[in-house]
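Asker: Sequence:
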Amino acid sequence: MDHLLLLVARLARDAVGAEQIRDAPGAGEGRAIDSTSENELRREILVSATHQETWVALLEENELAEVMFDRPDQNRLLGDIFLGRVDAVLPGIQAAFVDLGTGKAGFLHVGDLNFGDEDGDDDEGNGNGRGGRGPRRSRKLPPIQEHLQKGQTILVQVTKEAIGTKGPRLTAEVSLPGRFLVYMPHSSRVGVSRKIEGRDQRSKLRKLAKGVLPENSGGIIVRTVSEEVNEQTLQKEFQRLHERWKKIQQNASSRSAPALVHGEAKLISGVIRDLFSDKFDALRVDSKAIYNEVVDYVRSVDPDLLDRVHLYDGPVSLFDKYGVEEEIQKAFQRTVRLKSGGHIVIDPTEALVSIDVNTGKFTGKGKKDPEQTILRTNLEAARTITKQLRLRDIGGIIVVDFIDMESQENREKVIRELRTHLGRDRARTKAFEVSNLGLVEMTRQRIRPSLFNALTHICTSCGGIGRVYTPATVVRRIERSLGRAAASKEEKRIVVRVHPEVALRVIEEEPGLLKRLRSRTRLDLDMRDDPLMRLDEFRLLSGPAETDVTDKYVAA
1 MDHLLLLVAR LARDAVGAEQ IRDAPGAGEG RAIDSTSENE LRREILVSAT HQETWVALLE
61 ENELAEVMFD RPDQNRLLGD IFLGRVDAVL PGIQAAFVDL GTGKAGFLHV GDLNFGDEDG
121 DDDEGNGNGR GGRGPRRSRK LPPIQEHLQK GQTILVQVTK EAIGTKGPRL TAEVSLPGRF
181 LVYMPHSSRV GVSRKIEGRD QRSKLRKLAK GVLPENSGGI IVRTVSEEVN EQTLQKEFQR
241 LHERWKKIQQ NASSRSAPAL VHGEAKLISG VIRDLFSDKF DALRVDSKAI YNEVVDYVRS
301 VDPDLLDRVH LYDGPVSLFD KYGVEEEIQK AFQRTVRLKS GGHIVIDPTE ALVSIDVNTG
361 KFTGKGKKDP EQTILRTNLE AARTITKQLR LRDIGGIIVV DFIDMESQEN REKVIRELRT
421 HLGRDRARTK AFEVSNLGLV EMTRQRIRPS LFNALTHICT SCGGIGRVYT PATVVRRIER
481 SLGRAAASKE EKRIVVRVHP EVALRVIEEE PGLLKRLRSR TRLDLDMRDD PLMRLDEFRL
541 LSGPAETDVT DKYVAA
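Take the sequence shown: its letters are residues 1 to 556, numbered as in the working numbering.
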């Protein structure tokens, strides 16, 4: 059961980064969302756990909004603190690679080292361990080679999971999240989440926070859930976080690099700590053991939420009951249908994710005003796109090709709709104005691989491009390969094995192909169909022993 709790906890620590990041300066820039309607949303958390995997689903108005999963083979590191060893310092990019002992070296930029607080009014946490300070790239920083040398040990925290061939992103500015506070040992700032509205309330909480923070002991951020807490509650949490930091320092001093010195929270101080609050109407768990852990923790930190925690033991699985499994499967589809009849097409690439909007079958009630038809499709697409970004956990650069609109007012309506729904996203997002090409460029925080990348791997048939050669193309490749075999003067007899569809193409479309090739190549040729072959695969088998010589004659 311990490893099961750890799996759920890792999901939670993914969430804490987003919780702090959404409070960051500029995180909501260009976005607007009605706070009243936002608070009235019906939200639920579903936790489905087995010994093999754990899933956490967030529902909004009974629809799947976000899903997170973990398995023992995922090796999640987000939030973990390591005593690392510097493998290489690269002055050209002002960064270093740090060995964590996990396989892939972590990436540490000069802007993520400890240089103390900078001037300016910046009081928010941003989830990357910078203690609520502004972007470091805007500051004049000393060269990294003056602070790090190869072989040096350094305490670092993982702020972004390894994605693809890239190792994890690191920071030396450690932050320790609690339910009500985020403690930053290397900072001296006292901040309040900007999600807490009202100048008087923010001023009150900042004063309480300063009262619980001893001099020269670091900095803290008051989290959104702390809006109604008292000084005693903050004091107790600060003491817990401060003790945790001292234990981390002790672990680091007693170990040899590279080594893990602090793993992020278990279930009761993870999922519940960072997600479950009075903004959620229910938390449903299908594991009795985890349910008991949840109840114990909620009773200790927020007993008013106890009646919202439920153990699910229905005849069908929890996720089937709420249609979660079906929605997850839809998240792998390239095309997403709109209720109006239009659709969007989502294409991930190495550099960015492109999203195309089409009216499809939707032509409106009449053909006299096509602009209104396009506007309605674009508005629905904007809502669907924001939902899909969260559900698929798509990050990085996103380019949306909305249907062209002549009216500037309508273009602004679509942008406002997009930004409004992005306001519900816990990840940091930003949508720019429509470009000269009619495209909307967006960015979304990426701290872990997308759901698509985490649950799939590259197709061995198509090499990851999503397409395979047509039967006609395969036949021409075979023809060219046999020409090379004939030119080598090493072959006399070759059997060509192909997929049945390729063999059918030869029989129906080119019945004289083999006769023509025998005449041209002077080879004894035969063709056999093999249902076990891939559609675009063929094999060249030489001589009586039918030795495979495909690689010898097929162009790479």
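Source of the hints: derived by calculation from the structure; they are not laboratory data. The model shown is predicted, which means the values in this text are computed figures rather than measured ones. In this text, a Cβ means the ideal position worked out from N, Cα and C, and glycines have one as well. Where hints are given, some of them may not hold.
With a straight-line Cα cutoff of 16 Å, these simulated EDC-like cross-link-like pairs (lysine to aspartate or glutamate) come out [stated by the list, open to error]: (1) LYS247 <-> ASP80; (2) LYS387 <-> ASP307; (3) LYS489 <-> GLU508; (4) LYS195 <-> GLU231; (5) LYS430 <-> GLU441; (6) LYS279 <-> ASP425; (7) LYS413 <-> GLU380; (8) LYS387 <-> GLU60; (9) LYS552 <-> GLU501; (10) LYS387 <-> GLU433.
Derived Cβ-Cβ restraints for the label pairs, each shown as a range [claimed, not checked]: (11) GLY512 <-> THR470: 17 to 23 Å; (12) ARG255 <-> GLU501: 29 to 35 Å; (13) GLU412 <-> ASN75: 32 to 38 Å; (14) ILE465 <-> GLN152: 26 to 32 Å; (15) LEU41 <-> GLU501: 29 to 35 Å; (16) ALA289 <-> PHE332: 28 to 34 Å; (17) LYS204 <-> ARG376: 41 to 47 Å; (18) LYS166 <-> LEU514: 45 to 51 Å; (19) ASN75 <-> LEU41: 30 to 36 Å; (20) ASP304 <-> GLY464: 57 to 63 Å; (21) GLY512 <-> GLY103: 33 to 39 Å; (22) HIS51 <-> GLU350: 54 to 60 Å; (23) GLU371 <-> ILE465: 34 to 40 Å; (24) ASP296 <-> ARG244: 17 to 23 Å.
Asker: Take the hints in turn and mark each one as holding or not.
Answerer: Now the hints, each set against the structure:
1. LYS247 <-> ASP80: holds (14 Å)
2. LYS387 <-> ASP307: violated (29 Å)
3. LYS489 <-> GLU508: violated (31 Å)
4. LYS195 <-> GLU231: violated (20 Å)
5. LYS430 <-> GLU441: Holds - the C-alpha atoms of GLU441 and LYS430 are around 9 Å apart, at most 16 Å.
6. LYS279 <-> ASP425: Holds, at about 14 Å.
7. LYS413 <-> GLU380: holds (12 Å)
8. LYS387 <-> GLU60: holds (10 Å)
9. LYS552 <-> GLU501: violated (24 Å)
10. LYS387 <-> GLU433: violated (20 Å)
11. GLY512 <-> THR470: 17 to 23 Å: Roughly 20 Å apart at Cβ, these two residues keep to the hinted range, so it holds.
12. ARG255 <-> GLU501: 29 to 35 Å: violated (59 Å)
13. GLU412 <-> ASN75: 32 to 38 Å: violated (45 Å)
14. ILE465 <-> GLN152: 26 to 32 Å: violated (43 Å)
15. LEU41 <-> GLU501: 29 to 35 Å: Violated, at about 50 Å.
16. ALA289 <-> PHE332: 28 to 34 Å: This hint holds: roughly 31 Å between Cβ atoms.
17. LYS204 <-> ARG376: 41 to 47 Å: Holds, since LYS204 and ARG376 (Cβ atoms, about 45 Å apart) stay within the stated range.
18. LYS166 <-> LEU514: 45 to 51 Å: holds (49 Å)
19. ASN75 <-> LEU41: 30 to 36 Å: holds (34 Å)
20. ASP304 <-> GLY464: 57 to 63 Å: violated (50 Å)
21. GLY512 <-> GLY103: 33 to 39 Å: At 56 Å between Cβs, range violated.
22. HIS51 <-> GLU350: 54 to 60 Å: The hint (54 to 60 Å, Cβ to Cβ) is violated, given that HIS51 and GLU350 are roughly 35 Å apart.
23. GLU371 <-> ILE465: 34 to 40 Å: holds (37 Å)
24. ASP296 <-> ARG244: 17 to 23 Å: holds (19 Å)
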